[in-house]
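Visitor: If you're matching them up, the sequences are chains A and B in order. Mapping of the first sequence onto this note's numbering: position 282 corresponds to residue 396, and the numbering continues sequentially without gaps. Mapping of the second sequence onto this note's numbering: position 41 corresponds to residue 704, and the numbering continues sequentially without gaps.
To be clear, the hints were calculated from the coordinates, so they are not data collected in a lab. Please read all numbers here as calculations on a predicted model, not as lab measurements. Wrong hints could be hidden among the right ones.
Said to hold, decoys possible - To be clear about the criterion: a stretch of chain B counts as covered by chain A if any three or more of its residues have a C-beta under 8 Å from a C-beta of chain A, and this derived list gives those stretches:
| id | segment |
| --- | --- |
| 1 | 676-689 |
| 2 | 692-706 |
| 3 | 718-724 |
| 4 | 771-785 |
A virtual CB, placed ideally from N, CA and C, is assigned to each residue, including glycine.
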Amino acid sequence: MSETTIGVIGLIVLLGLFLTGMEMAVGMAVVGFVGYAVVVGPGPAMQILANDFFDALESYSFTVVPLFVLMGQIAFNAGIARRLYDCAYKFLGHIPGGLALATVAGATLFKAICGSIVATCATFASVAVPEMDRFNYSKKLSTGIVATVGTLGVLIPPSVILILLGLITQQSIGKLFLAGVVPGLMLAFLFSFIILGWARMNPSIGPASIRFHWRERLTSLPAVLWPVVIFVITIGGMMSGFFTPTEAGSVGTFAVIILCIGRGELNFAALRKSLQEALRTSSMVLLLVAASLLLGHFIAVTDISYNVAKWVVGLPLNRHIVMSLIFIVYLFGGSFIDDVAFMILATPIFFPAIVELGYDPIWACIMVSMSVCVGSLIPPVAMPVFVVKNITKVPMNVIYSGAYPFLISLFLCIILLFVFPELVLYLPRTLMK
Amino acid sequence: MKKLIHLIREGSIWMNVVAEAVLVIMMMLTVTDVVLRAFGKPIVGTYELVAMAGAIVIGFAVPKTSWERGHVFVDFLIENRSPAIKNGFFVFTRIVGMVIYVLLSWSLLLKGTVLHRAGEVSLTLRVPVYPAAFALSLCFFVQVFVLVADILRINENKEQKEEIAGVQR
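Given only the sequences and the hints, what does the whole structure look like? Please build it.
Guide: Written out as structure tokens, the structure reads:
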């Protein structure tokens, strides 16, 4: 039996194990370990098992994950999102569909300090939906936009997904952060256009609320100022080479803690809750990463990545079509497993093929993260929809039907990034040479 | 049986408290280093200390995350099956998990021993590296017991499990 055949059998067994309800990290570690033992030998398999977990967990680079997750959790528990939403509400609320627009604006600003999809959806589901209910917004629009805005966090720095992609593909996290800015903002604008268009076609879905005086609007602006300052210091420090990503995460987290304590919004209980949530997410993600390293070594010795890259490049199809097919694989896989877990699993296999096709690695990472955006909104595993359902008690089908119009924005964004790759590459090429 | 489950739960909680404290220390150390660096006096060896702290942070958080079923798994194919089938899959996945975590814990113990015997130290501070391997070995050893507790708790009803998870949070 050839090594590639063993590799393919290993991947089929892995999918089988996933379907038994096994923790994905365990499944990946089991297949990686057993597969490596079969191909290379049990002794080397024991060594690589220890080395991969030790290298992943005792690694300076990977410490960036808990720090940025902690920063987002503190911002979430301290209620920063509520103030951002209030500010956006005062500026945009009087426009038809304006409270939904305020949700997009508030979430975009919140994303500058919190990279979690779930935290954003949970916050805005509890803050924005009751407000939209008060002004008789359609449940479809209110819950649909709240479920969708979390996806902005996949692209807008400091995105945990981009950090992971940078670590997996060995690309600069700073460049990836810069690359995500334009697509993230573009997506926020496209969401806004959908809201305005929808409210114009059917004014009853988003009636205008009260118009605030300019004095009230201006007094709410400091709420926006501090997160923007923290964003500029952390991300700017990283871009300029003054901070490593871990240092940026530490300084950002420290700044958010000081800001929240100074405003009396963070007590010990909220800090501990943030720490516990950050540890839970980080240990889940990094255990997956460690297991994927082991699986990646098994895949490497079976030459699967090499053969996939060779096969993909040799396909008699236009490279854009091939890239689209890879994108569909990500969507399909992510829909049945977990989008982030599938990304960690599939990227080591497909990334060499994407680069071999002649695509820029930074652009490729952004496109992979776009697949996570879309995948997080389509059933059966659509975490943002579950979160919004649990908080608002609105039936799942209503939330899905409200979120689907915004999928148009995501697909439009993907097409634009395909046609104009400079939308992704301009900032990293200009600001980080 | 209840005592054993209680012991494993308490152990996971305390390990998580250690991880919380180390995460805060790691952040403060890095911030202090950045500030002092601006004045031309960086803390020597910060990267090494942060890397070792990272191992403690993540390793010590693994058992509690597992206790709360915080790791990613896919159950949509088995969630509508009969209780007997669901329990069968549940026990199977836990036993496989125990086997891999025992192997992982053992291999990390061996790695720590090799690092100790070789006198492996970090580049700048010359701090021994082996304690990090032993610490991770301990974490995955505790993780085995969390999976044992998972099987022992299989007949607890959903409310009790949520109550326990609530206490954890």
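Visitor: Could you check the structure against the hints above and give me the numbers of any it violates, in ascending order?
Guide: none
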